[in-house]
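Need the complex rebuilt from these two chains, each delivered in its own frame; the hints are there to steer you.
In order, the protein sequences belong to chains A and B. Going by my numbering, the first residue of the first sequence is number 1, and it counts up by one from there. Going by my numbering, the first residue of the second sequence is number 1001, and it counts up by one from there.
Calculated from the structure, these hints are not laboratory results. Keep in mind that a hint or two might mislead.
[Claimed, not checked] Covered stretches of chain A (in silico footprint by chain B; criterion: 3 or more residues with CB under 8 angstroms from a CB of chain B, positions within the stretch not fixed):
#1 161–170
#2 189–199
[Unchecked claim] EDC-like mimics (lysine to aspartate or glutamate), calculated; alpha carbons at most 16 angstroms apart, straight line:
#3 K276(A) to E54(A)
#4 K100(A) to E1280(B)
#5 K100(A) to D1138(B)
#6 K267(A) to E54(A)
#7 K109(A) to D262(A)
#8 K140(A) to D126(A)
#9 K276(A) to D232(A)
#10 K181(A) to E1086(B)
#11 K250(A) to D103(A)
#12 K1259(B) to D183(A)
#13 K69(A) to E1280(B)
#14 K140(A) to D178(A)
#15 K181(A) to D153(A)
#16 K100(A) to E1086(B)
#17 K181(A) to D1082(B)
#18 K100(A) to D1282(B)
#19 K140(A) to D153(A)
#20 K275(A) to D131(A)
#21 K79(A) to D1282(B)
#22 K79(A) to E1280(B)
#23 K80(A) to D1282(B)
#24 K250(A) to D91(A)
#25 K240(A) to D153(A)
#26 K100(A) to D1087(B)
#27 K80(A) to D1087(B)
#28 K172(A) to D91(A)
#29 K53(A) to D262(A)
#30 K134(A) to D178(A)
#31 K268(A) to D103(A)
#32 K109(A) to D91(A)
#33 K182(A) to D1082(B)
Glycine included, C-beta positions come from ideal geometry on N, C-alpha and C.
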Amino acid sequence: MKFFKKVTFTALAAVFAVTASLTGAASAADSLSGKITINGSTALLPLTLQAAKEFQKLHPKVKIAASGKGSVTGPQAVKKGIADIGACDWDASIDVPGFKAFDGQVANKVAVIPFATIVNKNVGVDNLTTDQLKGIYSGKITNWKQVGGADADIVVITRAFGSGTRVNYQSKALAGGDIVKKDKNYKEVGSSGDMKTAVGSTPNSIGYIDLVYVTGGDIKAVKFNGVAATSDNVINGSYKIWAYGYYMTKGQPTGATKAFIDYVQSKKFQQGSLKKLKFIPISAMK
Amino acid sequence: MVQQTIDPNIEPKPAAGGPRPVNISARRHLRHRLSDYAARYYFLLSILALCFVLVLVTVFIGKTALLLFGHISPAQFFFSFDWTPEDEKFGAASFIINTLSLTVLTMLISVPISVGMAVLTAEIAPLWLKRFIRPVLDLLVGIPSIVYGYLGLTVLLPFLRNLSGEGLGDGLLAAALVLALMVLPTISRISDDAITVVPAKYRDAAYALGSTRFQVIMRVVLPAAGRGILSAVILGMTRAIGETMAVVMVIGNTPQLAKTLFTPSSVLTSNIVMQISNVEFDSTWNYALHMMAFLLLLISFVLILVIRFLGRKRRES
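Chain B extracted, bound-state conformation (with noise of 0.2 angstroms):
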C-alpha cells in the first residue's frame, strides 16, 4: 500500500477509452494519501505511548527511589558495606561492587569464546555448519533464564563443589559461568552480523599482499568489524548487569562482598528480587531496593547510550 503510492511508476494506467480515468485516479490518490496518513499516525502514536510508558517507569522508580535519601545519607548507601535491613543498615556497597565484578568475570569468560565462534562462523565455517550453527545460537536465546539458573543449581553446582572442594560452589564463578552460557548466542550473533558486513574487497586486498588466512582474520576483518563487536559486547553486558533469575540460583544470596570466586554473595539483582516480596510499601527498606533497581537502569541507560554513540560514529567513519 505504502510503496504504491510513493511510486508513481506503480499506478496503473487507466484503461483506454474507459470512463473518466482522470477522476477514478484522483479519487485512488486521495485514499492512498489517507490511508498513508492514518499508518503514519497510527506508529507515530505507538511509539509515544511507548516513550510515554518509559517515563512512567524511570519517573516513578525514581521518586520512590529518591526517598531514600530522605532516610539516610547517599555515602551510607553508596560506600558502606553493612547491608543489615532488620537494623536499618542500608549499605549497597558491595552489591555494587559485587555486580561489577561478575560482569567483569562474565565479559572475561565469553567474549573471547562468543568472538571466536562469530569468527568461525562468518569466516570459516562451511555453508552446512553455518546453516547449523546459527539457529542452535538463536534457539539458545529464547531458553527462559530459569532454565539456565536451575542447570547451573543442579549442575554446575556440584561439579564446582567436587573441582573446589568448598562446601557450597555458589558465589561469583557458578553466576558468570550461567552468565556466559546465556550471552554467548547474543554477542557472537551480533559480531557474526557485523564481520559478516566487512566488505570482501578488504580480504581480497590483504590476500594480494600475501596476507596468510590467519593475518587477514586478526589484523584486517577484526579490526574492521570493531565496533559492531563492541556493540555486541555491551548489549551482552546489558543483559547480564540485569539477569535475576539465573543469579540468585547460584550466587548464594548472602549480602556480603565476594572476595573469593566462591564466597556466597549477592548482586545489585538478586538482592532485589530475594528481598522485595517481604518488605513493607512505606519504609526505608522498601525505597533502598528501588534505588537499586534506580542504579541499574541508570547503568544500562549509559550502555545504550554508549552503543547509539558507537553506531552513530561508525556511520560517519
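For reference, chain A alone in the conformation it holds in the complex (with noise of 0.2 angstroms):
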C-alpha cells in the first residue's frame, strides 16, 4: 500500500513538474512553492526523505517527490530532465572511473559518508593496511596467513561494478586499485544489504560497506592503516575511507529547489536529523 502510494505520488509528481516547468510557475522564489523530484542514490535516500520531510513542515505549499535506485541513476534523471535533483555518492560533474563526467551540472555536497571494510567475525585480522587490501582485491593475496591471519582462503565479496560504495571504495581504500578477483572465491552482491548478509554468513569472507551499516554481531570493521572507523576518526582526519553525497542539478538550482538544498546544507539539518541519522556533516570537514 505505502509503496503503491509512492510510486503513485512520484508519477504525478512528475507530471505536475513538467506541467509546471512548461507553464514557467515552477521559480517562484518568494511565496515558496513548486515541486521538487528527487532521484538516485540509496544510501542518501534516508537523509533525503527525512529533510523533505522537516522542509515540508515549513513550506506547505512546496511538493517533494523523493525515490532511489543506483548511484548513476541520480544525474542521468537530472539529464533526462525527470529529476530536478540526482542524489550521487560521488562528484558526477567530473569523470570518476568508469562513468564520464556529466556536462552541466552541479554538484552540491550535502553529506559526508564513511565507508568500512568489513570481515566476518571468524577472521582473526583486525588492521590492513592499503597496500594489503589492494593485493587482496587485485588477487595477490589470497590467503589470510598472508596478511597476519589463519591459514584459510580469503573469500572476496564486492559491489557490482556502478555501484556507488564501490566507486568510493576503490578510489580511497584502494588508492584506484582494480578490483580483478575472477575465481571461486569472488563473488558480487546488489546493495548494502546483500553485502551485510554475504559477509556475516560467509566464513573468512572480506567486503566493504557503509559505516552505518556496520551493526550486529556477524560482521566487524577493521582498521584501515591503522585508524579504527568511526565517525570520530573521520572527522579528525585520520580515516580516509568516505566520500562526500551530493545532489546533483541541472546548472545552478533555483527556487525551491536551491531552498531544498540549503535546508539540507543548513546547521540545524546538518548538526540535528543528518547527525542523528550517523551521516556526518560537510562542517566538520572543513
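This is the structure:
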C-alpha cells in the first residue's frame, strides 16, 4: 500500500513538475511553492526523506517526491529532465573511473558518508593496510595467513561495477587499484543489505559497506592503516575512506530546489537530523 | 445471463392471459442480445489491449536490443567469453551457456522428483494424503521467489560450504537446488492433472492382462500422460529460465563460465538485474543488457510455441 502510494505520488509529481516547468511557474522563490523530484543513490535516500519531511513542514506549498535506485541514475535522471535533484555518492560533474562527467551539472555537497572494510567475525585480522587491501582485491593475496591471520582462503565479496560504494571504496581504500578477482572465492552482491548478509554468513570473507550498516555481531569493521573506522576518526582526518554525498542539479539550483538544498546544507539540519542518521556534517570536514 | 439467451428452454413462458406476451418476450430477447454483444466486445477489447501491450514490450526491448549491433558485432556478443563492460567488452557467451546448463541441471534434479510426486498424488496416495499434498504444493507456488533466494543464501549455502569444503558454496549447484524447489510444484501439479485424466479403462485393461501396479504406472499411465508431463516440464523450464531474484542471491554473480558446480558465475537474468540500475541509458552496455533480455524473451517464446504444438498434437491423436 505504502509502495503504491509512493509510486503514484512520484508519477503525479513528475507530471506536475513537467507541466509546471512548461508554464514557467516552477521558480517562484518569494512565496516558495513548487514540486521537487529527487532520484538517485539509496545511500542518501534516508537523509533525503527526512529532510523532505522537515522541509515540507516549513513550506507546505512545496511538494517533494523522492525515490532511490543506483547512484548513477541520479545524474542521469537530471540529464533527462525527469528529476530536479539527482542524489549521487560521487561528484558526477567530473570524470570518475568508469563514468564520464555529466556536462552542465552542478554538484552540491550535502553529507559525508564514511565507508568501512568489513570481515566475517571468524576472521582474526583487525588491521589492513592499503597495500594489503590492494593485494586482496587484485587477487595477489589469497590467504589470510599472508596478512597475519589464520591459514584460510580469503573470500572476496564486492559490489557490482557502478555501485557508488564501490566507486568510492576503490578510489579511497584501494588507492585507485582494480578489483579483478575471478575465481572460486569471488562474489558480487547487489546492495548494501546483501553485502551485510553475505559477509555475515560466509566464514573468511571480506567486503566493504557504509559505516552506518556496521552493526550486529556477524561482521566487524577492520582498521584501515591502523586507524579505526569511526565518525570521530573521519572528522579528525585520520580515517581516509569516506566520500561526500552530492545533490546533482542541472546548472545552479533555483527556486524551491535551491531552498531545499540550502535547508539540507543548513546548520540546523546538518547538526540535527543528519547526525542522528549517522551521516557526518559537511562542515565537520573543513 | 449468457447461458439464458443461448438456451431457449430457459426462457420462461409468458404467463397465461398476461397482456401482450409476445412483445415482452421480444424485448427481453433484444436486451439479452445487446448485453451479449457488449460482453463479447468487452472481452475482445481486453484481449486486444493485452496483445497490444505485449507487442509494445517486444518491440521496445527488441528495438533497444538491436541497437547493440551498431556498436559491436553479433559474433562478439554471442561467442566471446569476455564480459568487461568497463573496457567495452560485451561477450555474453558465458551467460548463455550458464543459463542453459543451469536449466538442464535444474530439470535433472526436479523432474524425477516432481513426476514421482505426481504419480504418488494421482495414483498411489490415499484420499486424505492427496487432499493434504495438493494444497501444500499450490501454496509453494505462491511464495515470493526472493524468499527462496534468502533461504538459499542463509541455509543452503552454509550447508553446501560444509559439504564441499569450498569457501563460498555459490554456483550452479546452489542455484539449481533453489530453482528445483521452486519449479517442483509447477511440474508436479500439472503432471498430476495429466495423469489423472488418463482414462480408467487403460488401467483396467492392463490389470486384466495381468500387469502389476508398477507395470501399469510405468508402461501404461506415464506414456499415456506423456505429452501432458512434457508440457509441465516445459512450463517449469520457462519458470526456471526467467527466474531472477532467487538465482541472483546464490549464484555468485561473477561473469565467468561455470566450469564446476561451485564456481561463482552469472546467468542472463542475474546479470541483468545486477547491472541494469547502474548503467547509463544510451550506452552500449545498456543495449547489451537489453539484448540479453530479448534473448530470454525469445527462449520463452519458443518454449511456449513448443507447448502449443504439443497440445495440438495431443488433441489430434
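The hints, checked one at a time:
no.	hint	verdict
1	161–170	holds (count 3)
2	189–199	holds (count 5)
3	K276(A) to E54(A)	14 angstroms, holds
4	K100(A) to E1280(B)	10 angstroms, holds
5	K100(A) to D1138(B)	49 angstroms, violated
6	K267(A) to E54(A)	14 angstroms, holds
7	K109(A) to D262(A)	10 angstroms, holds
8	K140(A) to D126(A)	20 angstroms, violated
9	K276(A) to D232(A)	14 angstroms, holds
10	K181(A) to E1086(B)	15 angstroms, holds
11	K250(A) to D103(A)	9 angstroms, holds
12	K1259(B) to D183(A)	10 angstroms, holds
13	K69(A) to E1280(B)	13 angstroms, holds
14	K140(A) to D178(A)	12 angstroms, holds
15	K181(A) to D153(A)	13 angstroms, holds
16	K100(A) to E1086(B)	11 angstroms, holds
17	K181(A) to D1082(B)	14 angstroms, holds
18	K100(A) to D1282(B)	13 angstroms, holds
19	K140(A) to D153(A)	12 angstroms, holds
20	K275(A) to D131(A)	32 angstroms, violated
21	K79(A) to D1282(B)	12 angstroms, holds
22	K79(A) to E1280(B)	11 angstroms, holds
23	K80(A) to D1282(B)	11 angstroms, holds
24	K250(A) to D91(A)	13 angstroms, holds
25	K240(A) to D153(A)	27 angstroms, violated
26	K100(A) to D1087(B)	13 angstroms, holds
27	K80(A) to D1087(B)	25 angstroms, violated
28	K172(A) to D91(A)	14 angstroms, holds
29	K53(A) to D262(A)	15 angstroms, holds
30	K134(A) to D178(A)	8 angstroms, holds
31	K268(A) to D103(A)	32 angstroms, violated
32	K109(A) to D91(A)	9 angstroms, holds
33	K182(A) to D1082(B)	12 angstroms, holds
This entry does not satisfy hints 5, 8, 20, 25, 27 and 31, going by the numbered hints stated previously.
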